[in-house]
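Asker: Here are the chains, one letter per residue:
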Amino acid sequence: MQPIQHLFRTEYRKIISVLCKRFGFAQIKIAEDIASDTFLAAAQSWGLKGMPANPVAWLYHVINNKAINYLKRHQVFENKVVKELSEEEINTPELDLSPQNIIDSQLQMMFAICHPSIPVEAQVGLALRILCGFGIEEIADAFLTNKETINKRLYRAENILQLYNRLLQIQYSPVAALNRTYALAKANGKQKAIAEAEKLRLNDNQFYFTLLGELYTGIDNQKAKIHFDTALSLAKTQNDKQVIQKKIGKL
Amino acid sequence: MKQTMDWIGGIAAQNKYVTGQGLDFDDARVVWHNNVVTDGPFGEVKETLGGFIVVRAESPEEAVEFAKGSPVLQGEGNSVEVRRIIHG
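Protein chains in written order, with my numbering: chain A, 1 to 251; chain B, 1001 to 1088.
What the hints contain is simulated information worked out from the structure, not anything from laboratory work.
Reference listing, derived: stretches of chain A covered by chain B, where coverage requires no fewer than 3 residues with Cβ under 8 Å from a Cβ of chain B:
(1) 160-169
(2) 173-183
(3) 196-203
Straight-line alpha carbon distances no greater than 25 Å define the calculated DMTMM-like cross-link-like pairs of lysine to aspartate or glutamate that follow:
(4) A:Lys223 / A:Asp240
(5) A:Lys241 / A:Asp229
(6) B:Lys1002 / A:Glu196
(7) A:Lys186 / A:Glu196
(8) A:Lys29 / A:Asp96
(9) A:Lys241 / A:Glu198
(10) A:Lys186 / A:Glu198
(11) B:Lys1002 / B:Glu1076
(12) B:Lys1002 / A:Glu158
(13) A:Lys199 / B:Glu1065
(14) B:Lys1016 / A:Glu158
(15) A:Lys199 / B:Glu1062
(16) B:Lys1068 / A:Glu158
(17) A:Lys247 / A:Asp204
(18) A:Lys190 / B:Glu1062
(19) A:Lys192 / B:Glu1062
(20) B:Lys1068 / A:Glu196
(21) A:Lys186 / B:Asp1006
(22) B:Lys1002 / B:Glu1065
(23) A:Lys190 / B:Glu1065
(24) A:Lys192 / B:Glu1058
(25) B:Lys1016 / A:Glu196
(26) B:Lys1002 / A:Glu198
(27) A:Lys190 / B:Asp1006
(28) A:Lys192 / B:Glu1061
(29) A:Lys192 / B:Asp1006
(30) A:Lys236 / A:Glu214
(31) B:Lys1016 / A:Asp204
(32) A:Lys199 / B:Glu1081
(33) B:Lys1016 / A:Glu198
(34) A:Lys199 / B:Glu1061
(35) A:Lys223 / A:Glu198
(36) A:Lys199 / B:Glu1058
(37) A:Lys247 / A:Glu198
(38) A:Lys190 / A:Glu158
(39) A:Lys199 / B:Asp1006
(40) A:Lys186 / A:Asp220
On a predicted model such as this, the values are computed, not experimentally measured, just so you know. No residue lacks a Cβ here, since even glycine has one placed at the ideal position from N, Cα and C.
Can you build the whole structure from these sequences, using the hints too?
Answerer: Laid out in structure tokens, this is it:
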């Protein structure tokens, strides 16, 4: 599950771009309002009910409805947008949120932001806000009353990693080394952890190979299987063997 | 700080960390020829020591690999000096 902030950052800029392409760059303030309202709604709803199965589809569905509602209610449609829209576009109020249109819209947005008529400092600010999604975090933070609910695992992993970093300096043990590597995977990602795990060389330790198997699962399942098999050959108790078999089964 | 702890933790996880210490500039002094004493290692001295770490390495090459992970190297002009303490 992606942390909510990462999702907001990636989707915000796409949505803004599509709205601006549709309504015109001059309507950027309205585009931001619609996008911001949608993300506020998401933060509130998901904070209470949890993230939906398809969060991006949820966001796009709500954005579409808000855009249509806005068009229906506001004069701007009559005064400004109608002039820009073709006959065909007026009859299809839905937003085109297909991948191709998202890409086209973002490209158009980049050119608009980098237009020479906009002062350079403003260009940077706009680029950061619109293209990179900075600023949206404040909204996410304000409404996710317990950030740790979303980032709990990340936060805990980071703390545990520091703990094991210090522990290993005072007293080395293979168990601490393995636990530290696991915490590293949770805090900094599997790739970094794999690089460090390979250096541990605890070649007579079943848990070492179980860890390697876990780290490679989803990244290189062939290697994962090899490591789990080695762990199996080193495992002594029936319980341990069953645990490893389960992991192999999940590959 | 986190980067330094992660770097040292990585060495410690390989059971190759012996000891180490970051070196503050508080209360630093330099004692020169003729017992001249100055406040801290500043002024004409171009380089100053930020800390040290003692590791167990099989070879100078391995020690160099450890040194490469030091976060101080992200600063242009910074360096990590690798010296051998014990032979064999």
